[in-house]
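A.B. asks: One-letter residues, chain by chain:
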Amino acid sequence: MSFVDYYSVMGIQKEAKEDEIKKAYRKLARKLHPDLNPNDKEAQKKFQQLNEANEVLSDPEKRKKYDQYGEHWEQGEAYEKARQSQHRSPNEGRQQFAGGADSADFSDFFNSMFGNSGEQKHRQAKFRGQDFNADLVVTLNEAYITHSKTLKIQDKNVRITIPAGIENGQTIRLKGYGGKGANGGPDGDLLISFSIPNNAQFKRLGNDLYITVDLDLYTAVLGGEKTIETLSGKIKLKINPETQNGLKLRLKGKGFPVYKKENEFGDLFVTYHVQIPKNLTEKQQELFKELQKSAQ
Amino acid sequence: MEFQDFIPIEIFCQEHGVEVSVISSFGEYGLLEISNYQEISCLCINQIENAEKLIRLYRELEINLQGIDVVTQLLDKIKKMQSEIVYLQNRLNLYEN
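From first to last, the protein sequence lines are chains U and V.
Per the numbering used here, numbering through the first sequence is continuous, rising by one, with the last residue being 1443.
Per the numbering used here, numbering through the second sequence is continuous, rising by one, with the last residue being 108.
Bound conformation, chain U alone:
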């Protein structure tokens, strides 16, 4: 638990008057309000700090106590005395924004100094709880199939099903797993953003997959077959004679499953990378020279 400088949170001087506090609060609330900064965790954190700072500084009694003991709250006795003598003060003339969040979500410092008076609601209106955001990393292979994962959310194990085809950066919403609602309002939701890095072999764009396949020079020149590994199993490719380096082919329906659409798949794009042989023997060099002569 560390000391929170409420004056710097609100960007005001220690001598700030009531109307300056109000003005600073309004200005910052407009900047940091969660509805105006969706998915911005930093802004949401700052907004909570702002509410906390306003809760203290806009209440003369709390402000006095904060000014007196705030910075030295660890120096027990006097602080403890002050804490024990605390009583709830009227909220007239003060404003508290919920911002879709649970305004009781104050710092340990606040709760230690002022008890849980921050939980006091200034309105009886019911509000939905704050939406929580979480990031989840899923491998490309995992994202290829519908699978389940168990997440720990607020000390509860929640089993979620991740549909095949989920995209990198896509967000899914779990209803009711967010912050507690205010005044009996419904709980917020949990928004899970998925991060799906490409693996060494495959790259993905939308529902299409891209793969580069190494081809030895001889197969590229003379043709043949090549077996490649895809996310759905092995595929045998027929290589035409005189296949050029960089040739790209499209295998329809061999890409990634389309999100929430059964039996629909994107395409697989294969790019051939023809490898020039290394460490040729003398005999091989001779043969290549012969080839060169025949081509001139």
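Quick caveat, the hints were computed from the structure, so don't treat them as lab data.
Just so it is clear, the structure is predicted and the values come from calculations on it, not from any experiment.
Fair warning: there could be bad hints in the mix.
Straight-line Cα separation of at most 27 angstroms, DSS-like style, residue types lysine-lysine; simulated pairs [as the list claims (entries may be wrong)]:
{"id": "1", "chain 1": "V", "residue 1": "Lys91", "chain 2": "U", "residue 2": "Lys1193"}
{"id": "2", "chain 1": "U", "residue 1": "Lys1407", "chain 2": "V", "residue 2": "Lys91"}
{"id": "3", "chain 1": "U", "residue 1": "Lys1395", "chain 2": "U", "residue 2": "Lys1192"}
{"id": "4", "chain 1": "U", "residue 1": "Lys1383", "chain 2": "U", "residue 2": "Lys1395"}
{"id": "5", "chain 1": "U", "residue 1": "Lys1188", "chain 2": "V", "residue 2": "Lys88"}
{"id": "6", "chain 1": "U", "residue 1": "Lys1193", "chain 2": "V", "residue 2": "Lys88"}
{"id": "7", "chain 1": "V", "residue 1": "Lys88", "chain 2": "U", "residue 2": "Lys1192"}
Not everything, but these chain U residues come out facing chain V in the computed CB check (under 10 angstroms) [stated by the list, open to error]:
{"id": "8", "residue": "Ala1176"}
{"id": "9", "residue": "His1180"}
{"id": "10", "residue": "Pro1185"}
{"id": "11", "residue": "Gly1323"}
{"id": "12", "residue": "Pro1344"}
{"id": "13", "residue": "Arg1351"}
{"id": "14", "residue": "Gly1353"}
By construction, the Cβ of each residue, glycine as well, lies at the ideal position given by its N, Cα and C atoms.
Guided by the hints, dock chain V onto chain U, whose structure is given.
C.D. replies: Only chain V this time, still in chain U's reference frame:
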């Protein structure tokens, strides 16, 4: 839609401590879709989240209807741009190791 998919505006307003006129003006301004179910003005459940957001902007930040309209339009633009960024990042990944 079924009856359980709607909440009468009057009940919604009681729950949220707002005047019915506020919700009606959101509707008139095109910020909220107000439905009529058996001649009762209602909000469809998929509109509730939006309605709560509008109330917060209106009441907590004291933004007027025109302001809210601008804010919601800009937020929509941000959302679109964010999905475009994700798409472009994914596309860029194709060319990066």
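A.B. asks: Decide, hint by hint, whether the structure agrees.
C.D. replies: Status of each hint after checking the structure:
no., hint, in the structure
1, Lys91(V) to Lys1193(U), "25 angstroms, holds"
2, Lys1407(U) to Lys91(V), "21 angstroms, holds"
3, Lys1395(U) to Lys1192(U), "49 angstroms, violated"
4, Lys1383(U) to Lys1395(U), "16 angstroms, holds"
5, Lys1188(U) to Lys88(V), "20 angstroms, holds"
6, Lys1193(U) to Lys88(V), "24 angstroms, holds"
7, Lys88(V) to Lys1192(U), "24 angstroms, holds"
8, Ala1176, "7 angstroms, holds"
9, His1180, "6 angstroms, holds"
10, Pro1185, "7 angstroms, holds"
11, Gly1323, "13 angstroms, violated"
12, Pro1344, "8 angstroms, holds"
13, Arg1351, "7 angstroms, holds"
14, Gly1353, "8 angstroms, holds"
Violated hints for the displayed structure, listed by number in ascending order: 3 and 11.
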